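Trainee: Each chain, letter by letter, is given below.
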Amino acid sequence: MTDSLLSVSDLRVSFATPDGAFEALRGVDLAVAPGEVMGVVGESGSGKSVTALATMGLLDRKGRITGGAIRFRDADIAGASRRRLRALRGSKLSMIFQNPRSALNPVRRIGQQIGDALGAHLGLSRRKATEEAIELLRTVQFRDPEQRMHSYPHELSGGMCQRVMIAMAIACRPDLLLADEPTTGLDVTTQKHVMDLLVGLVRERGMAMVLITHDLGLATHYCQRIAVMEQGRVVEENEAGTLFAEPQHPYTQRLVAASPTRESTIEGLAGGGAVALPPRMAPAHRAGQGPLLEVRDLVKRFSNGTLGVDGVSFALAPGASLGLVGESGSGKSTISRLVCRLLDQTSGEVIFDGQDVGAVRERDFHRSPHRRDIQIVFQDALESLNPRFTAFDSIADPLRRLGGLRARAALTAEVEDAARRVGLPIELLDRLPHQLSGGQRARVGIARAIAVRPRLLVLDEPTAALDVSVQAVVLQLLERLRRESGMAYLFISHDLGVVRMLCEQVIVLRAGRIVEAGDTNDIFEHSQAPYTRELLAAIPYFVPGGRATQEAPPDVTGVPA
Amino acid sequence: MIAGRVLRLIGRRLLSSLPALFGVVTLTFLLMRVLPGDPAVFFSSGPNTGQAEIELIRERMGLNRPLIEQFGFYLRDLAKGDLGNSLTSGQPVAKDLMARLPASLELTIAALLLALAVALPLGFIAAMRPDSAIDQIIRVFCTLGVAVPTFVSGLLLIFLFYYLLGWAPPPVGRIDSFGSAPPVWSGFLLIDSLLAGDLETFGAALSQLVLPMTTMALFVMAPLARMTRAATLAVTTSDFVRTAEALGLPRARILVSYILHNAMLPILTTVGIVFSTMLGANVLVEKVFAWPGIASYALDALLSSDYAPVQGFVLMIASIFVILNLVIDLLYSLADPRVSIE
Amino acid sequence: MTTTITRQRGTLRSRRGLLRVANPATIAACAGVVLLVLVAILADWIAPFDPLASNVRNALQPPSARHWMGTDQIGRDVLSRLIVATRLDLSIAVSAVALSFAFGAVIGGVSGYVGGRLDRWIGRTVDVLMAFPLFVLAMALVAALGNSIANVIYATAIINLPFYIRFARAEVNMRRHFGWVEAARASGNSHARVVLFFLLPNVLPAMAVQISLNLGWAILNAAGLSFIGLGARPPTPEWGIMVAEAARFITTGKWWLIVFPGLALTLSVLCFNLLGDAARDALDPRRRT
Chain A
1 MTDSLLSVSD LRVSFATPDG AFEALRGVDL AVAPGEVMGV VGESGSGKSV
51 TALATMGLLD RKGRITGGAI RFRDADIAGA SRRRLRALRG SKLSMIFQNP
101 RSALNPVRRI GQQIGDALGA HLGLSRRKAT EEAIELLRTV QFRDPEQRMH
151 SYPHELSGGM CQRVMIAMAI ACRPDLLLAD EPTTGLDVTT QKHVMDLLVG
201 LVRERGMAMV LITHDLGLAT HYCQRIAVME QGRVVEENEA GTLFAEPQHP
251 YTQRLVAASP TRESTIEGLA GGGAVALPPR MAPAHRAGQG PLLEVRDLVK
301 RFSNGTLGVD GVSFALAPGA SLGLVGESGS GKSTISRLVC RLLDQTSGEV
351 IFDGQDVGAV RERDFHRSPH RRDIQIVFQD ALESLNPRFT AFDSIADPLR
401 RLGGLRARAA LTAEVEDAAR RVGLPIELLD RLPHQLSGGQ RARVGIARAI
451 AVRPRLLVLD EPTAALDVSV QAVVLQLLER LRRESGMAYL FISHDLGVVR
501 MLCEQVIVLR AGRIVEAGDT NDIFEHSQAP YTRELLAAIP YFVPGGRATQ
551 EAPPDVTGVP A
Chain B
1 MIAGRVLRLI GRRLLSSLPA LFGVVTLTFL LMRVLPGDPA VFFSSGPNTG
51 QAEIELIRER MGLNRPLIEQ FGFYLRDLAK GDLGNSLTSG QPVAKDLMAR
101 LPASLELTIA ALLLALAVAL PLGFIAAMRP DSAIDQIIRV FCTLGVAVPT
151 FVSGLLLIFL FYYLLGWAPP PVGRIDSFGS APPVWSGFLL IDSLLAGDLE
201 TFGAALSQLV LPMTTMALFV MAPLARMTRA ATLAVTTSDF VRTAEALGLP
251 RARILVSYIL HNAMLPILTT VGIVFSTMLG ANVLVEKVFA WPGIASYALD
301 ALLSSDYAPV QGFVLMIASI FVILNLVIDL LYSLADPRVS IE
Chain C
1 MTTTITRQRG TLRSRRGLLR VANPATIAAC AGVVLLVLVA ILADWIAPFD
51 PLASNVRNAL QPPSARHWMG TDQIGRDVLS RLIVATRLDL SIAVSAVALS
101 FAFGAVIGGV SGYVGGRLDR WIGRTVDVLM AFPLFVLAMA LVAALGNSIA
151 NVIYATAIIN LPFYIRFARA EVNMRRHFGW VEAARASGNS HARVVLFFLL
201 PNVLPAMAVQ ISLNLGWAIL NAAGLSFIGL GARPPTPEWG IMVAEAARFI
251 TTGKWWLIVF PGLALTLSVL CFNLLGDAAR DALDPRRRT
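Residue numbers (the working numbering), protein chains in the order written: chain A, 1 to 561; chain B, 1 to 342; chain C, 1 to 289.
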C-alpha cells in the first residue's frame, strides 16, 4: 500500500438528519496510485460524492467520519486539523464540482479568483500572479485570456465556467484531482471538450485523478481502473477493460446489463427482468394512411426577440416513433410544446390527422376534441406531478376533464387499468409524489398521459433524471406501450444513445433549424452533416469489452472561446 | 469610464422611480379630495379667514373646475413648493416641514446607525457559529425583539432610565429647557454643536437623543439581525464558498471576498425596507418622547382636523422613501455585477 | 449543495412533520394562541369587574389581592379592561389579515400567472403602495375617510396587501412552467381552472404559514394606531389605548398601567410569531431562521 497516493480504508460517514442518523458510507476501500486515472461509478445514493468530500474534509456540517482511515502519502488526513487541511487543499489535493456556474463567486472576476487560488499556496508577486493566471487560462483553451481575466462568471457559458474551475484546481500543481461529475449539465459536445482537456492536462502534469460519474461510458473512455459503488460500499474494482467485460458482483452485472451500448436494442436492455415485447408493427401496415402529424414551416419568436424555432417541417406516421435531438437551445423543447398546443406558434401550421390544430389558440385548446389525442410526458426532475395530488388524482384528472368520467366506479376502473398498463402497483395509487421513487413517479406520469388513450404521445426527456437501471425499465415500458396501443411517439432528447434505441426516425436540430433528418440507422451509420457527425463523435459510448477507439479527431473549430 | 457608467445608472434609476413618485402624488391628491368638507378652508391660513380669502383659495385651487384641471393646479402648486398653510400654526406647511425635518432625520439616522452597529455583527456571529449557544441566544433576542411594540419599549425605557435610575433626562424634546440651540448649519443638533465647538450643548442634545434613538433602534434590530444571519448562512453554505475552501484559500480572503461581499447584497435590500419601517415608526417614537419632528407635527394636525400638514407630511415621507430606494438600488447595482445597467 | 441523502419533505399531514416541530416553545405558543381566542370569546364572562365602571376614589392603585393588575386613573380595573380588549385587538387583526390575504392571493396569483403588461402594472401599483409606511398611510386614510375602527382595518389591510401580492406572485411564477401545470393544461383544464384548482392550492399553504406571523404584526399595528389616537377611542378598552392613557403616568412611576398591557401585546405577538415559525419549519426545514 505504500506506493499509493491516496488510500481510503473502511471509511464510514454518517449524517445527522431530522429522522435519525443516516449512514452514507459503510466501509469504503479505495486506492489511487500516483499518475493514475481512476473512475468511481454508481447510481444516486451510492456515496461516491460523499467519499470525495470526506477525503477533502469538506463534508456538510451535519456529516461526520465515524470510522476508517484516509491516508494521503501515508499520512492520515481524516483527523487532520483545519490548518493542515487548508495547506493540503489546492496544493496537493484538489477538487472540481458539478454545476460549475454556481461554484464560482458571482461577484468576483475570474482573473481574481484564479489569482486567489494561486496566492493561497504560491507566494507570487502581483505581476507574476497575473501572468500565471493568463497562462492558465490559455492552458484551458480560452482564446483571448487577457480579456477573459476581467469577466464575471455570469458572462460565461457552463463549459467555460468548468474550464475556469479546472484552471483554479490545477493552478498550484496538486498531485491528485477529484472530479465530481464535472460534465453534468453540459452539452454532449462541450462535455467531450472538457473531458479531453481535463484528462490531457492530468496526464501532462503527471497528476492522479479520480473521476466520479454515473455514466459508465464516460468512465470506460477515460479511466484506467474503475470502482463500482452501491449504497455506501465499493462492491467491485478492476481494470476498466475487464471490469465490465467480466463483472463479478451481481450489482455490477445489473448495471452493465442496463447500460445502453452502441449496439444495444430495447429488447436486449435488461433492468430488473427482461420483458418480452410484442413484435413491431410492420411499416407497410402504415404506409397506406396519411401522416398523423404534419408540421409545416413552424416558426416561434419569443417576446425577447430570439428565434426559438426557425422554419421546421416534418411528418409523423401513425404508430411511428420520431426522435428530436439537439443540444440546449436547439428548439426541441419548444417544438414539443408547439405540437402539444401548450404554446402558440408565431407562424406555420400544425396539422393533426388532417385538421389544422395550430389554428386553435393554446388558451382554447383544452376544449378542442383533439386535446385528448395529443398528450405529453415530462422529465421527472421538473416536478411533473402535482405535490398535492395522490397518484390516483393525477391519473384521474384527464379522465375527468377529457373523458367525461365522473362516476367513482367507472373512474376507478379506468385509473387502475392505466396503472396496470404501466406496471404501477395498485396499492401505490394513494401515495403522494414525495412518497414515490423516481421510477414510480415516471410511471405515474406516463399513466396520466396514456389514460385517455391518445394517438400521439410527446415525450420530453422522460428518462433524463433517472438512474440507468430505472431508465432501462422505463424505456422498455414505453416501447411496449407503443407497440400494444399503436400510439405515435415524438421523443425529445439530448441523449443520442437512447434515441437510437427507441426511435425509427430521427431529426437533428440546431439553433431552431433542422440539420438532418431520416431513418435512425442511416443517420447513425452514414450521417452527412458535419454537425451530426460532431454530435455522434462526442458520445462516450459504453463498450463493456474495453476502451473504445476514438472517432474522428475532435472538431477544433467548434471549441468555444 | 466608471463615472460615465454611474451617471447613466443614476439617470436610468431616476427615470424608473418617476412612476412611483407620480403614483404617490396622484394618490395623495385623490385622498385629499375625498375629504369631507371644503378643501379651500383646510388650505387657508387660519380658522378666522374671511370669506373673500377662501374664495381666492378656491379659485387658485380650481375647486370649481373639473377634477383634471384641479390636478393640474395641484401639480403646479407642488412644483412651486406650495403645500398650503397649516390652520394650527398659521404658517405655510412647507416652511413648517422643512424646519422640523432635521429633527426627524437626526433621530432616524442615528437610530439606523445604532441598529446596524449592533445587528450586523450579531447576525454575522450567529451565522458563523450556527446552533451554538450564542446563536440560540441571538435568535431568542430576535424573536422577542420583534414582539415588543415600540411605544411600550419606549415607555419602559423611560421608566427604567429616567424614573428608576435617574440616568436619562426628562423626555421632553431635543434639548432641555436650560440649553440653547447652537447656530443652525445642518439642523442636526449633534453636528451643529460640534461645529460650533459647544460640547456642553452636544452633551445635552446627545443625552436627549439616547432614549428615543435606542427605542427606535431596538425596533429594527431584530429583523436586521435575522436577515443578516439568514443571508450569511445562505452564503456560507453556498457552492462557491465550498470551492474556495476546496482550494485552500486563507480564512480572511474567504471571509471578506467570498462571504461578506455576497451577503451584503440581501442585507442592503433589507436596510432599505427597514428604513421605511423606521419612517413609519417615527410617529410612535416622536409621540412618546415629545420629539419635535415632522411626524408629531402631522399627527397633531390630523387630530385637530388640520389637513394640509397631513398631506404635506405624506408627500414628504413617500418622496424620501422613493429617493432612499433609488440610493439603495444604485448601491446594489454597483455592488452586484450581475445587475445590468439597463 | 448536492448531498446524496434524500430527505423527505415533511408536510403538516405527515407525522414526521409534526414531530419535528413539537418542541416546548411551539407547544407553549400553541397553547397561548388558544388561550387568547378563548379569552376573546368568553371575555364578558370572565372579566371580574365592569371594564367601564369608574371609581375615582380607587384610582391609580398598584396591584393588590382585589385588583390583580391594579386600577387606572379613573379607578377602572386594569385586568378586566385587558381581558375585554383582547376581543377588539384580535378581531381587528384577524379582519385586516383575512382581507389582505384573500385579495393578495388572488391578485398576486393571477399577476404571476398571466405575466406581461398586467403583471407590470400590478407591480407598479404595489411599488407605489409600498412607498407609504403603514402609519403614514393609515393617517392619510383616516384623514380622508374618518376616524373609525373600520377604516383602521382597511388601512392595515391595504398596507399588508403588497406583501401577499408579491408572495403569491413569486410562488405562482416559480411554478408556472412546472410539468404538472402543463400536464393540467394537457388534461383539458382552462387557464382559470389551472390557477384556481392547481396553482393556488399549492401556493396557499406557504402563504397560510405567513398568516400567523402576519397576525402578530397586525396586532402591533392596531395597538400602535390606537396609541396615537386613530381607530379605537377611549373609553373603549383596547391595549394601545390603555398604554396611551398610561403614558402620562410613567414619569410618576405607575408602572402597572404600562407593563400589563405591554405584556399582553408582547406575549400575544410572540405566540403568533412562534407558531408561524414552527409552521414554516414544518413545511420546509431548509428555510429556518
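Think of the hints as simulated: they come from the structure by calculation, not from any bench. Just so we're clear, the structure is a prediction, and the values are computed from it rather than from any experiment. Treat each hint with caution, since some may be false.
Claimed, not checked - Capping the alpha-carbon separation at 20 Å, the derived lysine to aspartate or glutamate pairs in DMTMM-like fashion look like this:
no.: 1; chain 1: A; residue 1: Lys62; chain 2: B; residue 2: Asp135
no.: 2; chain 1: A; residue 1: Lys62; chain 2: B; residue 2: Asp239
no.: 3; chain 1: B; residue 1: Lys95; chain 2: B; residue 2: Asp77
no.: 4; chain 1: A; residue 1: Lys62; chain 2: B; residue 2: Asp131
Unchecked claim - Quick list of simulated restraints, FRET-style, between CB atoms:
no.: 5; chain 1: B; residue 1: Arg251; chain 2: A; residue 2: Gln231; range: 45 to 53 Å
no.: 6; chain 1: A; residue 1: Ser9; chain 2: B; residue 2: Met128; range: 29 to 37 Å
no.: 7; chain 1: B; residue 1: Thr26; chain 2: C; residue 2: Val56; range: 45 to 53 Å
no.: 8; chain 1: A; residue 1: Gln147; chain 2: B; residue 2: Ile109; range: 39 to 47 Å
no.: 9; chain 1: A; residue 1: Pro369; chain 2: B; residue 2: Ser319; range: 40 to 48 Å
no.: 10; chain 1: A; residue 1: Ala87; chain 2: B; residue 2: Ile109; range: 29 to 37 Å
no.: 11; chain 1: A; residue 1: Asp144; chain 2: B; residue 2: Leu7; range: 24 to 32 Å
no.: 12; chain 1: A; residue 1: Gly27; chain 2: B; residue 2: Phe141; range: 38 to 46 Å
All C-beta atoms in this analysis are idealised placements derived from N, C-alpha and C, irrespective of residue type, glycine included.
Trainee: If a hint holds in the structure, say so; if it doesn't, say that too.
Mentor: Hints, verified against the model:
no.	hint	in the structure
1	Lys62/A / Asp135/B	holds (17 Å)
2	Lys62/A / Asp239/B	holds (16 Å)
3	Lys95/B / Asp77/B	holds (14 Å)
4	Lys62/A / Asp131/B	holds (11 Å)
5	Arg251/B / Gln231/A: 45 to 53 Å	violated (36 Å)
6	Ser9/A / Met128/B: 29 to 37 Å	holds (34 Å)
7	Thr26/B / Val56/C: 45 to 53 Å	holds (51 Å)
8	Gln147/A / Ile109/B: 39 to 47 Å	holds (43 Å)
9	Pro369/A / Ser319/B: 40 to 48 Å	violated (58 Å)
10	Ala87/A / Ile109/B: 29 to 37 Å	violated (46 Å)
11	Asp144/A / Leu7/B: 24 to 32 Å	holds (29 Å)
12	Gly27/A / Phe141/B: 38 to 46 Å	holds (45 Å)
Of the numbered hints given earlier, the model fails hints 5, 9 and 10; all others are met.
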